[in-house]
Amino acid sequence: MAENVFIALQNNPDAQPIIEAIIQDNEHAIVNESPGMVKIDCPKRLVIKRETVEEKLGREFELQDIHLTLISLSGNMDEDEDEIVLQWNF
Amino acid sequence: MAVKFIGDSYDFPCANQVENYGGDMNLYIVWDHHLIYCAPNAYRVPVNIKFRDFLEQVFAPDYKQHPDAEKVKWDEGVWQMENEAWTPDFDKTLEENNIAHNSFIRVNTPGLEGMHGVGN
Amino acid sequence: MTTKAKRLNMNQKYQLMTRGLDWETTYQDMDDVFPYDKYEGIKIKDWDKWQDPFRLTVDAYWKYQSEKERKLYAILDSVAQNNSQLSISDARYMNAVKIWMQGVTPLEYNAFRGFCTLGRGFRGAGARVACQFQAIDEMRHHQTQIHAFSHYNKFFNGMNQQSRIRDRAWYLSIPKSYFEDAMTAGPFEFITAISFSFEYVLTNLLFMPFVSGAAYNGDLATTTFGFSAQSDESRHMTLGLEIIKFMLEQHEDNVPIIQGWLDKWFWRGYRLLGLVGTMMDYMLPKKVMSWRQAWEIYWEENGVALFNDLARYGIKMPKHHETATKEKNRITHEFWSTIYQFSHATALYTWIPGNEELDWLSAEYGELFDTVYRPRYEYWKELDDKGERFFQERLPVVCNVCQIPIFHTMPDDPLKNCCLVSEYKGTKHQMCSEGCLDIFNNEPEKYCQAYIPPQQIYQGNCGGATLDDYRKWLHIRDEDTGEYYGSEDHQMWEKWKAQAGKPTDEAA
Chain X
1 MAENVFIALQ NNPDAQPIIE AIIQDNEHAI VNESPGMVKI DCPKRLVIKR ETVEEKLGRE
61 FELQDIHLTL ISLSGNMDED EDEIVLQWNF
Chain C
91 MAVKFIGDSY DFPCANQVEN YGGDMNLYIV WDHHLIYCAP NAYRVPVNIK FRDFLEQVFA
151 PDYKQHPDAE KVKWDEGVWQ MENEAWTPDF DKTLEENNIA HNSFIRVNTP GLEGMHGVGN
Chain L
211 MTTKAKRLNM NQKYQLMTRG LDWETTYQDM DDVFPYDKYE GIKIKDWDKW QDPFRLTVDA
271 YWKYQSEKER KLYAILDSVA QNNSQLSISD ARYMNAVKIW MQGVTPLEYN AFRGFCTLGR
331 GFRGAGARVA CQFQAIDEMR HHQTQIHAFS HYNKFFNGMN QQSRIRDRAW YLSIPKSYFE
391 DAMTAGPFEF ITAISFSFEY VLTNLLFMPF VSGAAYNGDL ATTTFGFSAQ SDESRHMTLG
451 LEIIKFMLEQ HEDNVPIIQG WLDKWFWRGY RLLGLVGTMM DYMLPKKVMS WRQAWEIYWE
511 ENGVALFNDL ARYGIKMPKH HETATKEKNR ITHEFWSTIY QFSHATALYT WIPGNEELDW
571 LSAEYGELFD TVYRPRYEYW KELDDKGERF FQERLPVVCN VCQIPIFHTM PDDPLKNCCL
631 VSEYKGTKHQ MCSEGCLDIF NNEPEKYCQA YIPPQQIYQG NCGGATLDDY RKWLHIRDED
691 TGEYYGSEDH QMWEKWKAQA GKPTDEAA
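Residue numbers (our numbering), protein chains in the order written: chain X, 1 to 90; chain C, 91 to 210; chain L, 211 to 718.
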């Protein structure tokens with residue numbers, strides 16, 4: 001059954017800490033690289049945590065800054081100061 | 091379901107009505123299984139041209155780059171109009187054959203089913 | 211865990227900056243102030259339930275958009291200064307850019323117009339704020355694309371008549387009619403058509419594999435504006451899903467109306483994207499992903515997951531999705547065959563793919579490609595070698611809804627054209643598929659007005675009856691059209707390569 005959510009980010013240094021944070025916080029994340037772009041699939045739910053991104057980045061990070069590298073996403077989305085969640089509710 | 095609109099009425103003429111053709115009409119026709127020509131062809135034609143003349147002088151030459159074009163015998167074709175069986179009289183005019191504006195005609199020619207055995 | 215909210219938190223700021231911006235009118239009836247947001251039958255009880263999950267407010271919007279623009283224009287300047295047109299994989303690639311420029315860029319402008327209308331039309335302030343941001347985004351996309359392409363326009367043919375051929379060229383009526391259909395509907399149908407069906411369900415297929423393909427083919431300008439625009443699109447598509455959920459949650463009477471729109475706009479979007487698939491399969495000399503594979507990932511996997519999620523509201527999979535999936539192994543080959551034989555009436559060049567590309571297509575598409583399309587291309591190649599390049603001289607029948615020449619074949623018989631008929635007001639209309647036939651029959655009053663290029667040519671409204679007259683009316687030159695090999699673009703490209711000491715590419 002089709003059940004993945006995904007997020008796609010530009011494959012550039014700004015996105016790298018976000019990608020690393022996603023891999024660390026989402027056990028079932030699958031990373032697909034294609035030219036210029038990284039797409040991360042995850043069954044049902046994917047979370048991006050500000051604290052983990054900040055750990056990878058070594059400085060403070062506002063989650064809304066993801067707009068600068070975001071390409072696309074799929075799933076019901078919710079965002080607050082501390083995390084972005086993508087999920088299907090079925 | 092019908093279109094939803096604001097106001098008292100929503101009523102416009104068809105952009106392709108026969109009145110726009112000065113006495114001529116449109117005719118749409120496809121020779122099945124000759125898909126190197128990608129789509130049915132569209133013609134603006136006089137209503138009183140004989141069907142055979144249309145086929146031989148107008149339609150067939152459009153398939154000139156297909157090897158089947160010189161072998162075709164239209165009388166042996168299996169014909170449809172609006173996707174239903176139909177028998178034309180080749181020596182009558184389009185009008186006399188009940189071909190109307192925007193009629194869609196299909197012809198299948200058993201034995202001539204395109205190239206490569208796959209209707210190309 | 212540290213807490214970050216020192217000032218207003220994101221949600222508080224969103225509530226303050228997108229709510230309470232207007233008032234309940236007293237001198238005028240609210241229905242007279244907002245005359246367009248009820249007639250479609252959508253019932254809204256509480257507009258404040260409309261939420262942007264990104265909680266975007268105007269201050270953040272300016273901040274991020276200006277940063278994106280700075281990055282983009284730094285790269286576009288560099289593209290121009292460094293002659294980056296020399297870095298693309300092959301000049302054939304540039305025809306994909308031409309299709310984008312001619313066909314997609316004008317859609318951005320129409321999206322701008324549409325969202326301006328919505329930014330005034332909805333009575334909920336949160337909705338109006340979101341639509342106004344989106345209108346500005348769409349204008350930005352239109353402008354940045356023209357800026358990016360302006361560099362290529364200095365060297366390559368086919369990009370200098372955009373506004374004229376947008377309105378006149380037969381193949382550009384395909385994307386144009388999609389947006390004009392949406393813009394002439396009410397605001398809720400427009401937002402379903404554009405924000406949900408087009409952006410959420412389908413633009414992933416345009417902006418992700420295709421733009422990634424642009425990156426792979428060395429097109430820095432398109433990659434940069436493409437991904438920059440797509441970061442806006444991800445905001446739009448998120449909103450698109452929220453809008454659908456909002457309408458579905460507001461009233462149960464909305465469900466069947468929305469289902470009807472999803473059925474219609476899925477099919478219209480799918481038909482339109484056949485063109486994008488063709489760009490991916492045929493116009494990218496270096497391949498990233500086939501249409502079939504993209505369809506499987508972005509529709510069969512992601513699209514279906516989305517509809518599974520909406521099932522709890524009583525929404526079903528869009529009608530005729532099975533047909534779309536049946537066509538995944540043939541649609542791009544049928545489309546390329548069509549553009550190939552009509553390219554003398556386009557501001558594009560076409561060609562028969564080289565052997566390596568044919569092998570890639572065989573591997574991606576298997577038996578059907580090997581038995582039907584490959585021998586077709588080999589036959590056309592033979593004709594070309596004899597100096598008889600294959601062009602179709604006769605106008606085709608065009609679908610009265612999607613406006614694509616009826617090259618489509620029967621769902622269960624890829625060897626036979628599918629052409630369906632519906633009569634309205636005494637005039638017969640032809641459609642390419644059950645999907646388009648349904649759309650016509652649901653609103654024949656609307657589609658009977660469609661401006662279908664071959665019909666208009668035969669009525670004498672397009673400059674004359676011959677192809678030459680028509681080309682003149684489009685303001686495209688003979689040299690801008692037809693076969694790639696031997697074209698001005700090809701000759702220039704070979705000259706550049708010779709200067710750089712690279713081997714030449716004769717007709718493959």
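You may find that some hints are simply not true.
[Stated by the list, open to error] Computed spacing ranges between beta-carbons, pair by pair:
1. L/Ala710 with X/Lys44: 33 to 39 angstroms
2. X/Lys56 with L/Lys526: 55 to 61 angstroms
3. C/Ser99 with L/Gly251: 38 to 44 angstroms
4. C/Ala175 with L/Ala675: 51 to 57 angstroms
5. X/Glu83 with L/Lys705: 36 to 42 angstroms
6. L/Lys705 with C/Phe95: 56 to 62 angstroms
7. C/Asp98 with L/Glu603: 43 to 49 angstroms
Don't read these hints as lab results, they were simulated from the structure. All residues carry an ideal CB built from backbone N, CA and C; glycine is no exception.
Results of checking the hints against the structure:
no., hint, in the structure
1, L/Ala710 with X/Lys44: 33 to 39 angstroms, "violated (51 angstroms)"
2, X/Lys56 with L/Lys526: 55 to 61 angstroms, "violated (42 angstroms)"
3, C/Ser99 with L/Gly251: 38 to 44 angstroms, "violated (19 angstroms)"
4, C/Ala175 with L/Ala675: 51 to 57 angstroms, "violated (34 angstroms)"
5, X/Glu83 with L/Lys705: 36 to 42 angstroms, "violated (55 angstroms)"
6, L/Lys705 with C/Phe95: 56 to 62 angstroms, "holds (57 angstroms)"
7, C/Asp98 with L/Glu603: 43 to 49 angstroms, "holds (47 angstroms)"
Of the hints listed earlier, those the structure fails to meet are numbers 1, 2, 3, 4, 5, in rising order.
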